[in-house]
Amino acid sequence: SLVVLFGATAGAYGAKLGSDERELILLVWQVVDLHSKKVGTLHKSLVKADNLDLSDQCREVSGLTPEGLGKAEPLDRVLQQFSQLVSSDLKVLGRSSYTLCSDGQLLIRQVLHPETSKKNFLLSDCFYSFYDLRKEFHTCYPSSAAVKDQTIKTMAEYLGLGTDEAEEDFGVWQVKTMVAIIFSMLSEGCNHVFTEPETVKYKYETGPCAPCMSRAVWCFPKCSKSETVDSETVIRARGLPWQSSDQDIARFFKGLNIAKGGVALCLNSQGRRNGEALVRFVNSEQRDLALERHKHHMGSRYIEVYKATGEEFLKIAGGTSNEVAQFLSKENQVIIRMRGLPFTATQEDVLGFLGPECPVTGGKEGLLFVKYPDGRPTGDAFVLFSCEEYAQNALKKHKEILGKRYIELFRSTAAEVQQVLNRYMSTPLIPTLPTPIIPVIPPPYTIATGSIRDCVRLRGLPYTAGIDDILEFMGDATGDIKPHGVHMVLNQQGRPSGDAFIQMKSADKAFMVAQKCHKKMMKDRYVEVFQCSGEEMNFVLMGGTLNRSGLSPPPCKLPCLSPPAYAAFQTAAVIPAEAAALYQPQALLPTTRTPQASAAAPPAVTYYPAQAAQLYMNYTAYYPSPPVSPTTVGYIAAPPGAVAAAATATHTPILPQPGALVRMQGLPYNTGMKEILSFFQGYQYAPDDYNGLIQLSDQARSVLQAPKEWVCL
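Numbering-wise, full-length UniProt numbering puts 93 at position 93 of the sequence shown, and it's gapless, one number per residue.
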């Protein structure tokens with residue numbers, strides 16, 4: 001038997017059903033006996049939504065009113081009535097089992113499952129298997145329109161069914177027509193058989209996907225070693241709460257089938273979650289449905305959903321370590337990450353810390369310590385638990401003391417295990433750019449220049465406004481922001497000044513934003529939005545002022561400072577050879593392994609623009625704009641003259657292992673080297689004596705040994 005089901009929400013209708021997160025307000029159904037071709041009673045039930053504000057389209061199409069819906073039952077009661085009435089109708093027809101049949105997949109996958117998940121009640125088993133009438137119709141009639149173009153009306157017209165939609169109530173006509181279509185498919189000319197229903201996964205399957213021999217390929221069960229991840233099945237979710245787990249993300253996409261181990265949480269350069277995740281679905285159809293959940297909510301936060309590539313997924317979820325593969329080979333395990341362990345902690349110490357109330361799967365085999373390539377511990381470990389109860393008991397020990405340190409515990413995923421191990425034990429997931437592209441210190445973004453008015457200035461922002469507030473304020477225009485194009489202006493004390501600059505993709509986009517958002521409210525203040533050029537933006541970021549009276553030079557102690565013309569590097573300021581070794585690209589990020597590399601290649605040049613590079617670090621905070629995320633430091637091409645000069649210069653040795661400089665601000669004036677090294681205890685820093693590594697001039701040595709501001713890591 002089939003139960004033909006139709007529904008509507010308080011918002012969009014048709015192809016956009018469920019895309020606006022509006023609640024279900026109508027269910028209509030009827031039982032159909034496929035063998036006797038008899039039908040049960042047709043039932044129509046209104047559903048009381050929490051928000052009774054109906055869209056104009058809903059009012060026009062359905063004819064429903066908030067007053068009528070206010071007298072209806074809530075969704076959980078309606079679903080109970082649905083089960084009882086279906087059971088009664090089946091008994092009358094002499095049947096006991098049934099499968100749902102709906103017009104497409106949106107009602108089941110995009111409405112019922114997400115809404116019941118948010119309202120924290122379970123759907124009965126019948127909602128995890130259903131027939132898509134559109135697919136069944138196209139199978140029975142291959143010459144009909146494509147599945148995505150089918151509607152109840154087009155299917156009825158193809159069969160020549162003479163039904164008048166205006167004669168019936170909304171929902172009733174749809175169900176009666178669907179029943180007539182099914183009977184036509186069962187006729188002697190077609191003899192269609194319903195055999196392969198659509199399925200919805202009950203829960204997200206954790207664990208790794210089977211690794212292949214090649215690092216470039218990360219295959220999944222039933223895939224050959226030559227296959228790669230299909231880019232048409234991967235999305236990037238952005239704006240996630242930092243504490244969200246893979247199960248939380250799977251719940252956000254409830255109703256859609258995620259591939260096993262298909263949730264990969266992304267980490268930043270410090271190994272912490274950056275609010276993004278890559279999710280791989282079982283097919284492109286599921287991925288397309290996931291994209292319709294763009295800006296749906298997880299709690300109080302809206303989540304952005306974009307397309308991603310299989311290559312991006314591999315960089316996050318891929319790995320080669322046999323130790324990791326063995327650790328993750330146990331399926332259906334809950335993974336917990338421990339951070340901040342004492343470097344002397346042993347397996348027995350960790351098991352004793354967790355205690356008998358949360359036994360580890362396999363004892364010591366369920367522990368994985370993260371180590372540096374030379375075997376030194378990093379303070380991180382991953383633990384396997386066989387059930388949710390044990391994992392919850394372990395999470396209760398968050399920030400309890402082991403030895404003399406408090407331990408942080410978080411939910412984790414197989415992809416996060418791979419990322420953390422890759423970070424410490426293998427080459428970077430994102431390679432550096434090839435020479436002659438040179439790392440710039442300090443601006444990590446592409447500097448805008450010229451007089452083209454492709455930027456906008458936001459003035460009068462609330463001092464508490466953050467990047468998320470600005471992106472929400474921009475609305476749909478966020479998609480037109482250049483990568484790394486959001487610049488919040490800070491004052492000399494490092495506090496928000498109430499100004500921000502946005503680099504748009506074109507002058508037209510900037511004009512439209514200025515027209516649309518000018519004097520729009522953000523929190524309790526209106527914000528002024530002006531169109532400006534990249535040159536004007538840079539001038540203000542350097543500390544100058546831009547007002548109706550024109551440009552005023554930036555306040556600066558440097559003599560004769562003027563806005564730098566980055567488009568034409570007239571005077572190249574190159575770091576001295578001795579100190580340049582500290583800023584070599586190899587010292588910031590390991591170089592890319594390319595077959596074209598040769599011993600005769602010219603040495604890389606560390607280049608920074610002349611004048612006031614320091615002011616950029618003081619005045620401006622940078623944030624990556626959609627649709628990309630921060631991966632590496634920014635790059636600007638060095639002038640040809642600087643590269644040529646470096647090619648003829650004597651090669652200067654660099655630090656024997658990758659490193660980088662960090663700046664510390666706000667140190668007490670009596671701070672010494674001992675206090676700084678104690679502050680960075682547990683991190684690998686360069687040795688105190690550099691004489692055996694590189695030859696230093698007095699100027700470079702003074703930079704390294706200055707106790708108040710710099711330390712080399």
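One should not assume that every hint holds.
[As the list claims (entries may be wrong)] Lysine-lysine pairs mimicking DSBU-like chemistry, simulated, CA-CA at most 35 angstroms apart:
1) K295 with K396
2) K509 with K399
3) K520 with K509
Everything labelled a hint here was simulated from the structure, so no lab data went into it.
For clarity, every value in this text was computed on a predicted model and none was experimentally measured.
Evaluation of the provided hints:
Distance restraint check for K295 and K396: the Cα-Cα separation of roughly 32 angstroms lies within the 35 angstroms cut-off, and the hinted pair is therefore satisfied. Of the supplied pair hints, the one linking K509 and K399 is violated, its CA atoms being roughly 48 angstroms apart against a limit of 35 angstroms. With a CA separation close to 17 angstroms, the supplied pair K520 and K509 stays within the 35 angstroms bound.
Of the numbered hints given earlier, the model fails hint 2 alone.
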